[in-house]
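Sequence lines, in order, name chains Y and L. For the first sequence, the residue numbers in this note's numbering are 4 to 772. For the second sequence, the residue numbers in this note's numbering are 276 to 483.
Just so you know, the hints here were simulated from the structure itself, not pulled from any lab data. Values in this document were obtained by computation on a predicted structure and should not be read as measured data. Cβ atoms here follow ideal geometry from the backbone N, Cα and C, with glycine treated the same way. Be a bit skeptical, because a hint or two may be false.
[As the list claims (entries may be wrong)] With a straight-line cut-off of 20 Å between C-alpha atoms, the simulated EDC-like cross-links for lysine to aspartate or glutamate are:
{"#": "1", "chain 1": "Y", "residue 1": "K51", "chain 2": "L", "residue 2": "E406"}
{"#": "2", "chain 1": "L", "residue 1": "K392", "chain 2": "L", "residue 2": "E471"}
{"#": "3", "chain 1": "Y", "residue 1": "K51", "chain 2": "L", "residue 2": "E342"}
[Stated by the list, open to error] To spell it out: a stretch of chain L is covered by chain Y in this simulated footprint if at least three of its residues, at any positions, have a beta carbon under 8 Å from a beta carbon of chain Y; those stretches are:
{"#": "4", "stretch": "347–353"}
{"#": "5", "stretch": "439–451"}
Here is what each chain is made of, one letter per residue.
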Amino acid sequence: MKDPGTTLVEGALPPSAAGAEQPEPWGKTTVVGTRQPRIDGYDRVSGKAVYPSDVILPDMLFGAILRCPHPHATVKKAVTAKAEAMPGVRAVISGASPAADVDWHYDPKLATKLFDPRCRFEGEAVAAVAAETPQQAWDAARAIEVEYEVLPFVADERRALDPAAPRIHDGGNRFDEPDRYRRGDPDAGFAAADKVVELSFHTAAELHTPMELHGCVARWDGARLTLWESTQGVYPVQQRVAATLDLPLSSVRVIGHYMGGGFGSKLQADKYDIVAAVLAKVTARPVKLFLTREETLLCVGNRPPSTMRVRIGAKKDGTLTAVEFTGLGASGAYPAGGAALLDWLARDLYACPNVRCETTDVAINAGPARPFRAPGHPQGAWALEQAIDALAEALAIDPLELRLKNLTTVSQTRPGAPPFTSTGLRRCLVEGAAAFGWAQARGRARSEGVVRRGVGMAAGMWVAGGGGPPSTVVVKLFADGSANLNMGASDIGTGTRTVMAMVVAEELGTPLDRIQVENADTGTTQYATASGGSKTVPTEAPAVRAAALAVKRQLLAIAGDELKLPPSELRIEGDAVVSVRDPKLKRKIAEMQGFRRRGVLVGVGVRGPNPEGKVVNPFAAQFCEVEVNTRTGEVRVLRFLSANESGRVMNRLTYDSQVIGGVTMGIGLALTEERVLDRQTGKMANRNWHDYKIPTALDVPTEIVSLPIDAPDAEANSAGAKGLGEPVTIPTAAAVANAVHDAVGVRVTESPISPMRLLGLLAERRKRG
Amino acid sequence: MGKDDDDRDPSRGISRRGFITTVGAGAIGAATIGRAVAAPPPEVVAHGEPAPLTLRVNGRAHRVLVEPRWTLLFVLREQLGLTGTKVGCERGECGACTVLIDGQPRYACMTLAVEAKGCEITTVEGLMHGEELGPVQQAFVAEDAFQCGYCTPGQVMAAEGLLRANPAPTPEQIRLGMSGNLCRCGAYDHIVRAVERAAAVRRTGGGR
Numbered sequence: 004m005k006d007p008g009t010t011l012v013e014g015a016l017p018p019s020a021a022g023a024e025q026p027e028p029w030g031k032t033t034v035v036g037t038r039q040p041r042i043d044g045y046d047r048v049s050g051k052a053v054y055p056s057d058v059i060l061p062d063m064l065f066g067a068i069l070r071c072p073h074p075h076a077t078v079k080k081a082v083t084a085k086a087e088a089m090p091g092v093r094a095v096i097s098g099a100s101p102a103a104d105v106d107w108h109y110d111p112k113l114a115t116k117l118f119d120p121r122c123r124f125e126g127e128a129v130a131a132v133a134a135e136t137p138q139q140a141w142d143a144a145r146a147i148e149v150e151y152e153v154l155p156f157v158a159d160e161r162r163a164l165d166p167a168a169p170r171i172h173d174g175g176n177r178f179d180e181p182d183r184y185r186r187g188d189p190d191a192g193f194a195a196a197d198k199v200v201e202l203s204f205h206t207a208a209e210l211h212t213p214m215e216l217h218g219c220v221a222r223w224d225g226a227r228l229t230l231w232e233s234t235q236g237v238y239p240v241q242q243r244v245a246a247t248l249d250l251p252l253s254s255v256r257v258i259g260h261y262m263g264g265g266f267g268s269k270l271q272a273d274k275y276d277i278v279a280a281v282l283a284k285v286t287a288r289p290v291k292l293f294l295t296r297e298e299t300l301l302c303v304g305n306r307p308p309s310t311m312r313v314r315i316g317a318k319k320d321g322t323l324t325a326v327e328f329t330g331l332g333a334s335g336a337y338p339a340g341g342a343a344l345l346d347w348l349a350r351d352l353y354a355c356p357n358v359r360c361e362t363t364d365v366a367i368n369a370g371p372a373r374p375f376r377a378p379g380h381p382q383g384a385w386a387l388e389q390a391i392d393a394l395a396e397a398l399a400i401d402p403l404e405l406r407l408k409n410l411t412t413v414s415q416t417r418p419g420a421p422p423f424t425s426t427g428l429r430r431c432l433v434e435g436a437a438a439f440g441w442a443q444a445r446g447r448a449r450s451e452g453v454v455r456r457g458v459g460m461a462a463g464m465w466v467a468g469g470g471g472p473p474s475t476v477v478v479k480l481f482a483d484g485s486a487n488l489n490m491g492a493s494d495i496g497t498g499t500r501t502v503m504a505m506v507v508a509e510e511l512g513t514p515l516d517r518i519q520v521e522n523a524d525t526g527t528t529q530y531a532t533a534s535g536g537s538k539t540v541p542t543e544a545p546a547v548r549a550a551a552l553a554v555k556r557q558l559l560a561i562a563g564d565e566l567k568l569p570p571s572e573l574r575i576e577g578d579a580v581v582s583v584r585d586p587k588l589k590r591k592i593a594e595m596q597g598f599r600r601r602g603v604l605v606g607v608g609v610r611g612p613n614p615e616g617k618v619v620n621p622f623a624a625q626f627c628e629v630e631v632n633t634r635t636g637e638v639r640v641l642r643f644l645s646a647n648e649s650g651r652v653m654n655r656l657t658y659d660s661q662v663i664g665g666v667t668m669g670i671g672l673a674l675t676e677e678r679v680l681d682r683q684t685g686k687m688a689n690r691n692w693h694d695y696k697i698p699t700a701l702d703v704p705t706e707i708v709s710l711p712i713d714a715p716d717a718e719a720n721s722a723g724a725k726g727l728g729e730p731v732t733i734p735t736a737a738a739v740a741n742a743v744h745d746a747v748g749v750r751v752t753e754s755p756i757s758p759m760r761l762l763g764l765l766a767e768r769r770k771r772g
Numbered sequence: 276m277g278k279d280d281d282d283r284d285p286s287r288g289i290s291r292r293g294f295i296t297t298v299g300a301g302a303i304g305a306a307t308i309g310r311a312v313a314a315p316p317p318e319v320v321a322h323g324e325p326a327p328l329t330l331r332v333n334g335r336a337h338r339v340l341v342e343p344r345w346t347l348l349f350v351l352r353e354q355l356g357l358t359g360t361k362v363g364c365e366r367g368e369c370g371a372c373t374v375l376i377d378g379q380p381r382y383a384c385m386t387l388a389v390e391a392k393g394c395e396i397t398t399v400e401g402l403m404h405g406e407e408l409g410p411v412q413q414a415f416v417a418e419d420a421f422q423c424g425y426c427t428p429g430q431v432m433a434a435e436g437l438l439r440a441n442p443a444p445t446p447e448q449i450r451l452g453m454s455g456n457l458c459r460c461g462a463y464d465h466i467v468r469a470v471e472r473a474a475a476v477r478r479t480g481g482g483r
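Throw the hints in and build the complete structure from the sequences for me.
In structure tokens:
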């Protein structure tokens, strides 16, 4: 399996000429690490922030995409004449339109068309319309007469490999050979075990459903295309669109200054970008094309459903002797890493010499998966961390003790078992348990009433989170001491803009309200990879630091000239440069004549390489208390604590927001979220937020505690920070399931823990006695 | 909850939690019919015909030509350019489009523009004092009660409506009052704190 921690960029990266020198790690910081409200908070709460879906251009049309209503079908004919004649309609395109004859690659090996006659999932694009109003566009889309040949489908990944299952691709329903991993001698490990537990698990497909719909506004200026796109990465979208439309990169500008959430579903360009571009081209007018909520539930990604089996053997004292993990995941209609990283925690979280894993990715007739906040990990944690709990019970060891017994400081899976730069899992477990009151809660007398309480915990790590090159950042200092930061990275809601401004403030002393950040625009900002993989802070912060320090060197040189002192004897203090020996010798930045003549000082910073032979991963341990109503099957999470070790805490305020958000999302995975594909029709039965339930303000505990293990990682990068956004949600669902088990003695192995499922299990247990 | 009490007023259509409740609740239907008797007869507009309409938004009268099927959300955003009000689901589930109609939080996606005739509509832009943020907006920034910020204008309007009806809500009342607004980034914990902070500021005269 590919390790995304080291293969975010394929192949070796040539060294960069600019800013190659990387600064020493920070010692004490004065701005970084404090609680800072977001520098763009004003824009977001006032309604002034222009999100891509807010863009209104002169003469703009609205687009709509007609989508296949069947899980598997062939388009025999699409008659557009009636639609074309409708009021306000300016263009109708389908597979028969020369302008829409564009190749689309869901996967490099599988060539399809933008409007491919073979529709392998419900929601595949069939035709599109541009009209004066969105209502007219939808009227016309619905008036397109499509003749489908409906094909048999398979919607359940557990049946995809049945010999009788309909074949979705010519090569069958398995995208590749199973991914196999082995270390040590698992059979000998199990033979040496005093106790072996074996359990099967299933997690339902989870949908990203970010608040801002997926879509874009497309405008052509002659041969140049501009896209305002709700995206996590403007550069990846630019690359994909340019390649698909065979345009020079310089002719595709992608702008995404703000974006309303993505969680991995907005890392890439989508067919809607190409559809919007084609519609804008044929009408010679700008086109706004944002999907409906229903469309986003069908066709812009999901956390794939997974079926898992875990077997763990241990000695009486809790020492693990062998781990075996088998996983089946479903990419959907096209290869999309349906089983990717399912087994990562089984391989790498706990010390174990003997491990065997096998994961298989299959095709089903459903929308292709996309990376979803820590791909594979929450599912893997659901299985592994419940199995560890079951093992603890079998061994009569406290679950916390069992985990502490089996910690490691090396990445056992990677060749040569390289050490982690920092391993905060022990501190997460110990300090988290203390702050939660784990021992007291476990020791409490059990209620035998209708409503029962229980506590649970789970641990996790994230395979990536160290970031890495490439990234280029430009910091510009104006002659009055105010600054501008230019970077390509998107702020997907994690507070990237604010954190990066804090880095500038740390180095240059510039107050935050005098730093302007421009970002996420391929036309005007520097190169960055997409904001995903919990790598934005560890990737961008060192580059921002390097750029700010490049400015600082120039500033001190100018000040040195004017003060007749060597730059090495100068430092920035507030709005002035002062002598380190004699604080009376100083020059205000705004009064430096040399600087005034220069106008601005520009510093370029690039992200340096990661440490060689070491692995940068963040860690987490979570604890929760639940209340289960044994009569209704309802589960309430009463309180939650998340202890995270992600290196240095950059901004405590936005740090806590990410932790709380990840826990909230994990509670959704545990208790309510499930894509339901109807068995009879293969169609999605809950394609809206009424039926697909994400947590509301009433569904989250009144107490969510973020406990940062603030341990700057000097080896990881010059900011000392590791990623946070994904590790925060990895153990959550498993912790809830373990707490439910503690409360009622029933292990819910299939997600979500719905009242119906839980009642069924409770009834089954009563029957068994 | 103040904002839910008026959900069944037939002159304004169905909105927010009231909409969800009516899906399976006959009792509310009966209540609606019962009160409809006293309501003035609605104006009849021909299907598909754009009709002139005056909307009072943030204290200003906007004369617009709207199709009867256009939602208030569509007219606010795409016709008036007031894009602070966001679009999330267009079916009354997420609250991203929450505005105040005569002081009550409403889903603008579930309100036809023609239904808002004669009402005082307040959007997030209307909470500003010139370029200054209102107290609820300030509290959301201070407590970091958002991440991506897309649901935030709707959350702010729901909070504003809640506090106008109930200046001193308990944490439970806040959670209930905010439960018609989804936040996929999961900022609820900070949202509740922000509403508490805003309530305190308003009580000490910091608000309007």
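Verification of the hints:
{"no.": "1", "hint": "Y/K51 to L/E406", "result": "holds, 10 Å"}
{"no.": "2", "hint": "L/K392 to L/E471", "result": "violated, 33 Å"}
{"no.": "3", "hint": "Y/K51 to L/E342", "result": "violated, 27 Å"}
{"no.": "4", "hint": "347–353", "result": "holds (count 3)"}
{"no.": "5", "hint": "439–451", "result": "holds (count 4)"}
Hint check: violations occur at hints 2 and 3; the rest are consistent with the structure.
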